[in-house]
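Chains A and B, in that order, give the protein sequences.
Using the UniProt record's numbering, you'd call the opening residue of the first sequence number 1 and step up by one each time.
Using the UniProt record's numbering, you'd call the opening residue of the second sequence number 1 and step up by one each time.
There may be inaccurate statements among the hints.
[As the list claims (entries may be wrong)] Covered stretches of chain B, as calculated for chain A (at least 3 residues, CB under 8 Å): (1) 46 to 55; (2) 130 to 144.
[Stated by the list, open to error] Computed footprint of chain B on chain A; a stretch qualifies when at least three of its residues, placed anywhere within it, have a C-beta under 8 Å from a C-beta of chain B: (3) 93 to 104; (4) 135 to 144.
[Said to hold, decoys possible] Simulated DEER-style distance windows between Cβ atoms: (5) Lys164(B) with Glu100(A): 18 to 26 Å; (6) Gln226(A) with Val139(B): 27 to 35 Å; (7) Tyr41(B) with Gly217(A): 32 to 40 Å.
Source of the hints: derived by calculation from the structure; they are not laboratory data.
Keep in mind it's a predicted model, so treat the numbers as computed, not measured.
All C-beta atoms in this analysis are idealised placements derived from N, C-alpha and C, irrespective of residue type, glycine included.
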Amino acid sequence: MFRNQYDTDVTTWSPAGRLFQVEYAMEAVKQGSAAIGLRSATHIVLATVNKATSELSSHQKKIFKVDDHIGVAIAGLTADGRVLSRYLRNECINHSFVYESPLPISRLVIQLADKAQVCTQRSWKRPYGVGLLVAGLDETGAHLYYNCPSGSYFEFQSIAIGSRSQAAKTYLERRFEGFEKYSREELIKDGLFAIKETLQGEKLTSAICTVAIVGVGEPFHVIDQQTIERVIESLDIGDEDAPPPAVAESAADEPTASQEPGTAPMDI
Amino acid sequence: MAGSYGSTLRYKNVERIKSIGKHTLLGASGEVSDFQEILRYLDELIIYDNMWDDGNSLGPKEVHNYLTRVMYNRRNKFDPLFNSLVVGGVKNGQKYLGMVGMIGTHYEDNHVATGFGNHLARPLMRAEWHEDMSFEEAVKLLEKCLLVLLYRDRSAINKFQIAKITEEGVTISEPYALKTFWGFLAFQNPTKGAEGSW
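Input sequences plus hints: build the corresponding full structure.
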């Protein structure tokens, strides 16, 4: 994509029928650090790579709990992501207040998509520069959606967005057919493996990623570092290609020498 | 079955039980015009719910809480809807029964009542209700309560409807009357014990 005379305003069409500002917003998503999601019949796992600008700083929070039954992972402009998470939380709270019952995720993502669409059709606004992986439950089961800056949303069995997500996508594409029947442990394992793919050689530790899960009977929560470290170790013990189905409890719970278990650089 | 005009029981054909959506029944006592207004609100609610067309639907719990919000908000504005509502239904095998009053008081229970029913019917239901009653047993208990109310509540008439909701669907009976007995000796000569009184 290069600069042209139709890309100044979001309200200007190009002769080829494109809205360049919206497409540029999608680019911002591709530049953000990776986020992946995968779902089974009863659970959804979200995982993100924690990219910090320097060794001295903390990393951006990319996974947000929206309600007990819904969570999001974001990629792109994290500030936009934070604002949209606040909106999502508000919608869930309002629904719960009136109906004493959780807002079905399929309705929430439509509301979110409509909100994003508004920003593609007002000359005084700009599209949100963030892609959201929305994971949650409704009456019909577990769902994983991807909401983009354009205002469209799609449902996925599994998805990877952000920088170097193609490697993760390739891995997921090879294995997604089995996901529907996966146990929650298998989901977490494959999620971590997919994250590993995006790191391209860098060592996978629990400090460099965040993993969250939501499922039937399991409220949305971020999985603690120790558990993740154990799963990572079982990945290393197992095959390069396919993680073993059972989680092997490793004898030495010793993460890398520079870290103590349970801490990450300024994990706020 | 009755709609009042002040203290006169004027309208004897009012249907005070309606079905809401696929999963809920709503019964009302009090001001009929306010009940009709509530039905309009609920109609709109159900239409918007159906428009999502996504496999999710509002169940009795949601309807009950929505009505609680409506009643309480109106009460706060000093413009209440003058009704007491009974909300019941079944969704995904889960049974639900609740009540909302005109000031927003709300609760769930195995048996609920409005107005005089709270004083006359609920004690009977407390004594005789049990889990796993058959439909016939339940109707007998209800009719027992309705009979007591017919005898003792001056704003009752001998015209009733019983409604049933299950996972399969809703049935609201045609109006019918209960057998009453007024042949008590004490009624034969009412002024017997107090000559000159009326």
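Now for the hints, and whether the structure bears them out:
no.	hint	result
1	46 to 55	holds (count 3)
2	130 to 144	violated (count 0)
3	93 to 104	holds (count 6)
4	135 to 144	holds (count 3)
5	Lys164(B) with Glu100(A): 18 to 26 Å	25 Å, holds
6	Gln226(A) with Val139(B): 27 to 35 Å	59 Å, violated
7	Tyr41(B) with Gly217(A): 32 to 40 Å	34 Å, holds
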